[in-house]
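*Asks:* The whole structure should be built from the sequences, with the hints applied where relevant.
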Amino acid sequence: MKKILIVDDEPNIVMSLEYIFKKENFQVYIARDGEEAIEIVENTIPDIILLDIMMPNVDGYQVLNYLKSSDTLNKIRVIFLSAKNKASDIELGLQLGADKYISKPFAVKNLVKEVKELLNKKG
Amino acid sequence: MSSFLVISIILVYLAVIFYVAYWAEKNSKSRWVNNPYIYTLSLAVYCTAWTYYGSVGLASTSGLKFLTIYLGPIIIIPTWVILMRKIIRISKGNKISTLADFISLRYGNDRFLGALVTLVCVLAIVPYISLQLKAISETFNVITKHHISAISILDDTTFYIAILLAIFAAFFGTQHTDASERHKGIITAIALESVIKLVFFLVIGIYVTFYLFNGPADIYNQASVLPNFEAQQSIDGLNGGFNWFLLSLLSMIAIVLLPRQFQVTVIENEREKYLKKVIWLFPLYLLLFNVFVVFIAWAGNVVFQNQQVDADLFTLLLPLQNNNEFLALLVFLGGFSAAISMVVISSLALATMLSNNLIIPYGFLKRFSKSESDENTESIKNIRRISIFSLIIIAYFFYKSFTLDRSLVSIGLISFVLIAQLAPAFFGGLFWRRGSSKGAKYGMITGFSITVYTLLIPLTIESQSIASTFVNEGLFGINILKPYELFGLEIFEPVTHAFFWSLLFNAIIYSLVSVSKLGSYRERNFAEMFVDNTKYAALQEGAYVWKGEAYVRDIRNVLTRFLGENRTERALNLFYMKYDIDKKIQVADARLVNFSEKLLTGSIGSASARILIASVVKEEEISLTEVLNILDETQKAKESNKELKERDKQKDEFLDTVAHELKTPITSIRALSEILLADDEIDNTTKKKFLTSIVSESERVSRLINNILDLEKLATGKEKLDLNEHSIKNTILKSVEPFRQLAVNKGIKIDLNEIDDALVVYDEDRIQQVIVNLLSNAFKFSNEKNGEVKISSHINQHKVEITVEDNGKGIATDELISIFNKFYQSKNQTLLKPIGSGLGLAISKQIIESHNGKIWAENKVSQGARLTFTLPLNRN
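If you're matching them up, the sequences are chains A and B in order.
Read in order, the letters of the first sequence are residues 1 to 123 in the numbering used here.
Read in order, the letters of the second sequence are residues 1001 to 1876 in the numbering used here.
Calculated from the structure, these hints are not laboratory results.
Glycine included, each C-beta is placed from N, C-alpha and C at the ideal position.
Check the hints yourself; a few may be wrong.
Claimed, not checked - With the C-beta cut set under 8 angstroms, the calculated list includes, among others, these residues of chain B facing chain A:
{"hint": "1", "residue": "His1660"}
{"hint": "2", "residue": "Val1695"}
{"hint": "3", "residue": "Glu1697"}
{"hint": "4", "residue": "Ser1698"}
{"hint": "5", "residue": "Val1701"}
{"hint": "6", "residue": "Lys1780"}
Claimed, not checked - Among chain A residues calculated to face chain B with C-beta under 8 angstroms, some are:
{"hint": "7", "residue": "Tyr19"}
{"hint": "8", "residue": "Ala87"}
{"hint": "9", "residue": "Asn120"}
*Replies:* See the structure below:
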């Protein structure tokens, strides 16, 4: 079973994502902010992370930077899921090393498709 | 020691110095080349052979008087952080490359003034350079035990040394056509020499004091029994005091205005902040240099009493007397390095002056404006190279053909007095707007003439043993015209006497002429720029005072002649970018005219640059009041522009945040709806949970939209307040009502015990909104166990003050103000996400301010946050 980590501080968004991916047979982990996310990543090493950017304390960029600076964690797939959707935001996110950048509000089907595609990709 | 050996050592030494200069020029970006220590040490070019030998000579005959030459600088240098910074700023801003340029620019690019300053400097400094050559030659003879100096020039070592120095200065001094650029090679070599001369001098000082004698006390004991000792060491009453004072003043002027000092301090300055090192390090250097002077002098007096020995040479003779040839060689090399530093920097500074302020503006300008850029830059460099050679050669012949038997110190002082004639124009120009070019010229000429009359002529007569009654009886036998006692003033020694009268008349004439006739508009503009440092930035290219007509093409042509196609293109591109000007515009504006003038100034001097640019520009006069108006307007325009940009930026940020805040609930609504739509097997409980969330998120959206509209209405004043008289206590109690149930549920206590009542005029709905906002924050942040919220009101003479307190974590100090910003959300929230919109406090602030009240947040001493707002009482 693939492990997915959902990082968001909006309870209702988390609730919907949790339902969606449980239904798709993922093992779902949830973090409410960046700090919690890093803790969970260290303990479980998920296959993919859905990462919000604007969060209190440690934000999504910092989480990604943390992952990319570690030799064991830098292979984890990361999708930014953010309401920031200016071209410059997206470019920044991808430059930092995210695999995908999906803008909020997202279409459920599309999100699931992107996640699966990313996990099937080699390398 | 054999001449051959000494010459070999000199050659090796020069090779090292050349190599260091070469290395520094190659590695001009290195930290070894660019640091405050190199800069400070290069200033020590002030200490010449005069310091090395002359101080001792003076100390042995006149006691401590030699100190005045160093006291002046030590006193004035701490003020450099302000004074010199101003000078450096002006010079860098205008690409000034010499003292003459500086003065001529201040007085409106006055060509004649620049030339006059150059002449004064050349006349003052060339004999001084001769003196350095003489010192080299004499000490060379002493150390090689030659008792007669070479008759033929071709046999004279000094001649070859002079040629080598000229090559050095010409090679490293003319690497760039732009003379305002720094000469890092030369400066690094000079700094090294400053270390060498100080160290060697200290070595000989220690040797004499502690090896030849048993310490300072021993020397004092032996010297104090010599005749005249007492008289030498005293200041000599009031007269002596005046002499001391004037000599110190003289050296204060010299440390700023000697061409070589101006070169190293101003032109070669890399960063202003180096001055901070200079103000303590350089005085320390001078103090160290002078520590042993007195002891060497006394020791010389003791050792060589009753012998006919030149006191100037004590430093060298003491080790020789004791057969310590190695130490004598060190002394020779120290003095040699002091002399050649001075020769190199002085000839470089003077050559730039000669070329930029005399030769080019008077002779070559026409030719330059016709020929190509390559030829021009080569010609400019050649003029400077030839100037350097000529100066050094002339100095050499001056030394050869005149018997310079005045002691080292007095010729140095004469050159100080001549240079001091620039002081009124220089310092006056820096601090006095009214100082005019006519005043500067007349003052300078007067001062110079008086110096010639009271010092140069009588000294020449005396030293060349010309029979004349001029000195003793005065011109035409008139008593009050005696050159050393002008107008019967008898208290001064010749040098201070000349300094006193020349500077006095110079300053008086400068001020009188300046006051009686207003300068031209051009020089008044520059006066404004030099005197008022703060306005200076605005007066730069920007809003400069100029009305006229010029074409970009013409200006470009002039620039190309001197800078070449490429540099001109590059410079103009930079200029266009800096000011965001359309390149297609044909007509040049004031900024371009001034920018071009400055570009040329570095290469050909300010006066020539002015003449060239003026030849393609049609100018009109403009009055100073007009100028100030123009300045004022541009300043205002700039500020309002900045404000607009700032407002635009804030608006953008606000819209960004609004978009983000709206998208968040919509994301939940969309995701949950899509799930409900696609998933038929979903169980009832989950379905209900999802639908409830959709409803609450929808509410969140509408609340947010309402708040934004509210804020907008309040901010723009579109909504009129519904102002009526109400009881504040009633309003508070009404606002608390909806919270009672919540308080019970969460176990939070509401304290209502301190509510004073008064009738106040306000919009009740709005104030209720504020109180509700504050209360919901207090409920949100109050302690989870034993939560307590207190609301109170206090009336005083002018206002009613309403306070809402909780007992939660309080507010981080750096957030006390920002929590009132739109969409600000505290970092320390206990809940995951606020139920509010992030606009509550911003709206509250807007409401309170539209009531002319105040709102602020603070932390309680015990625990928790306290938010307070006031409403003014209107008691008529």
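*Asks:* Are the hints correct? Go through all of them and say.
*Replies:* These are the hints, each one checked on the structure:
no. : hint    : in the structure
1   : His1660 : holds, 5 angstroms
2   : Val1695 : violated, 11 angstroms
3   : Glu1697 : holds, 6 angstroms
4   : Ser1698 : violated, 11 angstroms
5   : Val1701 : violated, 12 angstroms
6   : Lys1780 : violated, 14 angstroms
7   : Tyr19   : holds, 6 angstroms
8   : Ala87   : violated, 13 angstroms
9   : Asn120  : violated, 22 angstroms
In this structure, the earlier hints numbered 2, 4, 5, 6, 8, 9 are contradicted, and the remaining ones agree with it.
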